[in-house]
Amino acid sequence: MTDRTSSTTRRTAPRALRLRDFPGVGAISVVALIFLYVPIIITTIYAFNAGDSALVWKGFSLRWFGEVAQNANLMKSVWVSLQIAIVATVVATVFSILFALSVERLRAKGSAIATAILTAPLVIPEIVLAVATLGFIRLIGLPPGMTALMLAHASFCIPFALMPIRARLKGLGSSYFEAATDLGASNWQMFRRVTLPLLVPGIISGAILAFVISLDDFIISNFLSASGATPLPVFLFSLIRRGASPAVNVVATLLLVLAIVVTTITFLQSQRRSTKHA
Amino acid sequence: MTLQTTERPADPAPNQDPAPARARRTRTPRRPGQLGWLASTPAIIIGLLFTVGPLIIIIIFSFLSRPPQGGGVVYEFTLEPYIGFLFQSDFVGNTTFDPRYLSVFGDSLWQAFVTTAVCLLLSFPLALWMATRSAKLQNFLVLIVTIPFWTNLLVRTYAWMLILNDNGIVNNASEALGFGKAELLYTPFASQLGLIYTFLPFMVLPIYASLAGFDFRLAEAAYDLGARKRTVIRRIILPIATPGIISGVLLVFMPAFGSYVQPVLLGGGKVLLIGNLIASQFGDARNWPFGAALSVIILVMLLIALMAIAFYSRKSGRKVEISL
Chain A
1 MTDRTSSTTR RTAPRALRLR DFPGVGAISV VALIFLYVPI IITTIYAFNA GDSALVWKGF
61 SLRWFGEVAQ NANLMKSVWV SLQIAIVATV VATVFSILFA LSVERLRAKG SAIATAILTA
121 PLVIPEIVLA VATLGFIRLI GLPPGMTALM LAHASFCIPF ALMPIRARLK GLGSSYFEAA
181 TDLGASNWQM FRRVTLPLLV PGIISGAILA FVISLDDFII SNFLSASGAT PLPVFLFSLI
241 RRGASPAVNV VATLLLVLAI VVTTITFLQS QRRSTKHA
Chain B
1 MTLQTTERPA DPAPNQDPAP ARARRTRTPR RPGQLGWLAS TPAIIIGLLF TVGPLIIIII
61 FSFLSRPPQG GGVVYEFTLE PYIGFLFQSD FVGNTTFDPR YLSVFGDSLW QAFVTTAVCL
121 LLSFPLALWM ATRSAKLQNF LVLIVTIPFW TNLLVRTYAW MLILNDNGIV NNASEALGFG
181 KAELLYTPFA SQLGLIYTFL PFMVLPIYAS LAGFDFRLAE AAYDLGARKR TVIRRIILPI
241 ATPGIISGVL LVFMPAFGSY VQPVLLGGGK VLLIGNLIAS QFGDARNWPF GAALSVIILV
301 MLLIALMAIA FYSRKSGRKV EISL
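Chains A and B, in that order, are what the protein sequence lines are. Here this note's numbering is used: the first residue of the first sequence is 1, the next is one more, and so on. Here this note's numbering is used: the first residue of the second sequence is 1, the next is one more, and so on.
Rather than coming from a laboratory, the hints here were simulated on the basis of the structure. These numbers were taken from a predicted model, which means no experiment stands behind them.
According to the in silico footprint, chain B covers these stretches of chain A (three or more CB under 8 angstroms from chain B):
hint : segment
1    : 99–106
2    : 110–120
3    : 134–147
4    : 151–159
5    : 237–249
6    : 259–269
Label-pair restraints from in silico Cβ distances:
hint : chain 1 : residue 1 : chain 2 : residue 2 : range
7    : A       : Gly228    : B       : Phe140    : 40 to 48 angstroms
8    : B       : Gly106    : A       : Gly51     : 40 to 48 angstroms
9    : B       : Gly70     : A       : Phe35     : 42 to 50 angstroms
10   : A       : Gly51     : B       : Glu76     : 55 to 63 angstroms
11   : B       : Gly180    : A       : Phe35     : 18 to 26 angstroms
12   : B       : Phe97     : A       : Phe35     : 36 to 44 angstroms
13   : B       : Leu48     : A       : Gln83     : 23 to 31 angstroms
14   : B       : Phe189    : A       : Gly51     : 26 to 34 angstroms
15   : B       : Asn94     : A       : Gln83     : 52 to 60 angstroms
16   : B       : Tyr223    : A       : Gln189    : 55 to 63 angstroms
17   : A       : Pro23     : B       : Gly106    : 33 to 41 angstroms
Examples of chain A residues toward chain B, derived with CB under 10 angstroms:
hint : residue
18   : Ser29
19   : Tyr37
20   : Val56
21   : Val91
22   : Pro125
23   : Glu178
24   : Ala185
25   : Asp217
Where a beta carbon is used, it is the ideal one built from N, C-alpha and C, also for glycine.
Please put together the full structure from these sequences, using the hints given.
Laid out in structure tokens, this is it:
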């Protein structure tokens, strides 16, 4: 099981001599990959269940997809989530572009501190950030609801938007910009005609990641939501707490499809980048 | 893959810059194609407002008193929230040692520790296996590991509710085989399993990133010099993977320690971790200062961990990037 793919160009050697293989490593990897996918696959299968129970299989049907589409409260929460995600994505992406292009102009210490501030949400346990943000918005007099949700989401989406943009910028090197300078481009022309177009793959990846992170966030959303502003994950959580149901299977499957689409798109983007600029 | 390219720092850390002290004090000259420093302020402002601001507030809240009723805080300095973590005072005013919260803290540490250990045991072989495949297969495997990573946390947790349910796959199979049913869902075991499942990709990706560019001629040289495979792993691969392992341990341990969703959904009412305790202090229990104090305890742990990593980084000369 370990060796199937490793015998690339060499003649098939005895297992002990295959330098790239280590005993047990392939077996554990397969177990880990199965462990990662079995739960997801089971949820997806049961989303197509015809029966009323989440778990008793009564045959294939798209029935629950229809019922989910007709659930007004659920659709409303989808709309709330979309609004928040769009605003958060636009703000996070624009601010990230500006930040990535200018952070080197800060003094060395300043740029390190600024980067630390912006990437802090990656390591702070979400529950801490959630209650802290709740306390903070209460203190400044902002009620929980859409505005609070949008601002908080924009903030924790920035590191995710920033990562691919910075990576792309680093990968570009300086030759394009030097050439543009030599050809007499003004700062604005350079930004609009050279920098921005070259950054596009990174910007797309960053925006998509920010969008998904916002759409998926539960804990912070849970603390900042108000009645009338219930994002999808918060609504989904209340559904799940009432127990397993085919409707939840369907929503779970749709979110899974979103994850697959998004991951594949960002993946292909980065592939294109590495073949072009490696 | 974006997640992997960001791992590799392209330029040395600013403070390691060998430029003379005078030059360091001035701003670096503007490179063509870049913007002035002012352009970085919008992002910094929103970060200050919605990341740093809340953290400062939560630290302040932890030293304030709770109002007689309802949530919020009263502006009166007290250490009561921190004292309440360890002691309980009765009506007469005697304070006695109260291990209840300490045991929640201990349970959280233990679950986070087990999560980290199991994730590490699964991730290191997986990351090594990925890194030693052909370039094409590597890309595909990264995609495969990244998909669960971007799948909604609730979805991933809910999937285990389906599996561990009384009528779920595991119980049905075990009944069919004549072993009978076992209560799996709403147990500490379920919560633990959910944590391991959720955080596995957070460990795989950084370790893989540190191994991805591994030069296999090093291993070949080791074989030529008579090293066994185990020796190659221990003396060559493990040191190369160390920055990734450290980053992965932090990215798994801290979120697992403060986890909220898995203990609630998979542990039922039987698992109380510090994350749930914090949430309940800001919810039903309406004791904001105590919830704030618990949050500060987590933040202090995080700070210690980050300082330890910085110390390791400086001592070993290897850069540990805490990013995904």
